[in-house]
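In order, the protein sequences belong to chains A and B.
At position 108 of the first sequence the residue is numbered 108 (this note's numbering), and the sequence of numbers has no breaks.
At position 33 of the second sequence the residue is numbered 33 (this note's numbering), and the sequence of numbers has no breaks.
A few of these clues could be false.
Label pairs and their in silico Cβ distance ranges [claimed, not checked]:
1) A/Asp169 x B/Ala202: 40 to 46 angstroms
2) A/Thr75 x B/Ala202: 26 to 32 angstroms
3) A/Asp196 x B/Ala93: 54 to 60 angstroms
4) B/Gly189 x A/Gln253: 26 to 32 angstroms
Here are a few chain B residues that sit away from chain A, every Cβ distance over 12 angstroms (derived from the structure) [to be verified]:
5) Pro53
6) Thr65
7) Gln67
8) Ala82
9) Leu86
10) Tyr112
11) Ile126
12) Ala158
13) Gly181
14) Ile191
15) Ser196
16) Ile210
17) Ser265
18) Leu275
19) Ser280
No lab work stands behind these hints: they were computed from the structure.
For glycine and all other residues, C-beta sits at the position ideal for the given N, C-alpha and C.
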Amino acid sequence: MSNDGTIHARRIRKSFGYKTVLQNIDLDIACGEVCCIIGPSGSGKSTLLRCINGLETVDSGVLKVNGEDFGYYETDTAYHALSPKKLAEQRTRVGMVFQQFNLFPNMTARENVMAGPVLVKRGDKKQAAKRADELLASVGLDAFGDHYPAQLSGGQQQRVAIARSLAMDPEIMLFDEPTSALDPEKVGEVLMVMQDLAKKGMTMVVVTHEMGFAREVADSLIFMDEGFVVERGDAREVLANPKEPRTQAFLKQVL
Amino acid sequence: MVQTISRGSRNKIDGTDPALKPRLRRRSVFEYVAWVVCSLIGLGILVSVSTNPNFKWDVVAKYFTYQTIISGLMLTIFLTVASMLLGTLLGLALAIMRSSRIKPIAATAGVYITLFRGTPVLVQLIFWFNIAALYPNLTIGIPFTNISTAVDINALMAPITAALIGLSLNQAAYMAEIIRGGFSAVGKGQIEAADSLGMSGATKMRKVIIPQAMPSIIPATGNQFIGMFKETSLVSVLGVAELLQSAQLIYARTYETIPLLIVASLWYLVMTLLLSYPQSLLEKKYSRTSSRLPRNAKKVVLTEPEGVAR
């Protein structure tokens, strides 16, 4: 059976200096699963997400993305870091959407979406442009291909960012608080796009404060605090009947 | 006249609606004094300069377009352009080396920048001119073979070569710092976005970092260019017949020192003014973070109201 679109982590540890931000995290995400990670700021949810994309490296533990050891290859005694080229190859299979969109301001929306296929995969420009227009249409931005990021609203920028990640045909999409920098009016349009994506069977890991999205779209939910996974389970179940007191306290504040 | 409903409109004193009266800026006594004093000083200097016969303005006029001066000016322009070009290219390489993750490479660039920024350009110029004292013969060859050519450094290091090398190497150190400053102005998020797409280091540099660093690099480079134009006058100590040296050659013969220095200074001033116009245009162009108009703006039709930039 293919392991594409799965994430498997066992006893992941990560510390910045003296501060341990991830403490023995176990994680199993199946293909097509939508997993929401919630928790207070500084609980390590973003760090966990960034590790899955290789923006941070884990200190120890097993991390398999799409069935392969991510960023490292295993020998009898140790994990050895992969060459930048191989790491880049693995990264192309994992899309990342940032809180601050991080679109390239020197490129138009279309060029942003084309960046992956043309600059990384060295694909044909005309085909990439056609595909980019299709992707922009799929996030509801048909007419905005020639616009620069500065001319788009936050919600539009974030949708372009999603299209940019999708252009690489990733098996997994990671969302790092995708709606936190948006004004409330524009949150819906981004969540709609994400919901569409979930329906199409994309494996998604979403760090979010949108409990409504978690309840309606997510399959599983993880509540993190102080670098630990405090509670996990079926999204609706956890949100409705949290078992741990810490989770209860958190949900009481945000719901 | 606009009919206002405020009570003030009824209190017309001399027929003017108080709501329409201009609001005047306060002028202090100091401002008037400053006007008078500065005007007097300026006028005094102007009168003195124009009436003092020792300035010999006729001599200045005579030599302003003199053949030797013009060819000196041409050499100055050549030296400026050439050393800026070489310096910028080398500076770019140094800036990339300086931000390398590999320690020895970053350190090498660091040492270079420290050395060349930490010593006077004049000393560096004289040093390169006299490099033959250290290495009289340079042998270029392939190691472990007999294939080699000996180069006589003394012959190679003509004054102009030494000037070009000295100015370029010095400029490279300054340009490296300017370019590195531009690199660090590019947000961390941009680099992460490029990384998460799997972009290679070189592509990231070419397509993401350099285009975004340009707005802060270009104006500073323009400044360096103007500075370099005047810095070339140092080269006169090597006997290169650039603008200043050409003037010196003439007054060594005619003893009209001040008029010829004025000629040279006027040319430096003219060129600086000519250069500062495109410089200010560049600054204006790049002070905007990115274009506010869509590419192919005419073709784009905004249909939705939310298409208007926030």
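For each hint, the structure was consulted:
no.	hint	verdict
1	A/Asp169 x B/Ala202: 40 to 46 angstroms	23 angstroms, violated
2	A/Thr75 x B/Ala202: 26 to 32 angstroms	30 angstroms, holds
3	A/Asp196 x B/Ala93: 54 to 60 angstroms	47 angstroms, violated
4	B/Gly189 x A/Gln253: 26 to 32 angstroms	29 angstroms, holds
5	Pro53	60 angstroms, holds
6	Thr65	45 angstroms, holds
7	Gln67	48 angstroms, holds
8	Ala82	30 angstroms, holds
9	Leu86	27 angstroms, holds
10	Tyr112	26 angstroms, holds
11	Ile126	44 angstroms, holds
12	Ala158	43 angstroms, holds
13	Gly181	18 angstroms, holds
14	Ile191	9 angstroms, violated
15	Ser196	4 angstroms, violated
16	Ile210	9 angstroms, violated
17	Ser265	42 angstroms, holds
18	Leu275	27 angstroms, holds
19	Ser280	23 angstroms, holds
When each numbered hint is compared with the structure, violations occur for hints 1, 3, 14, 15 and 16.
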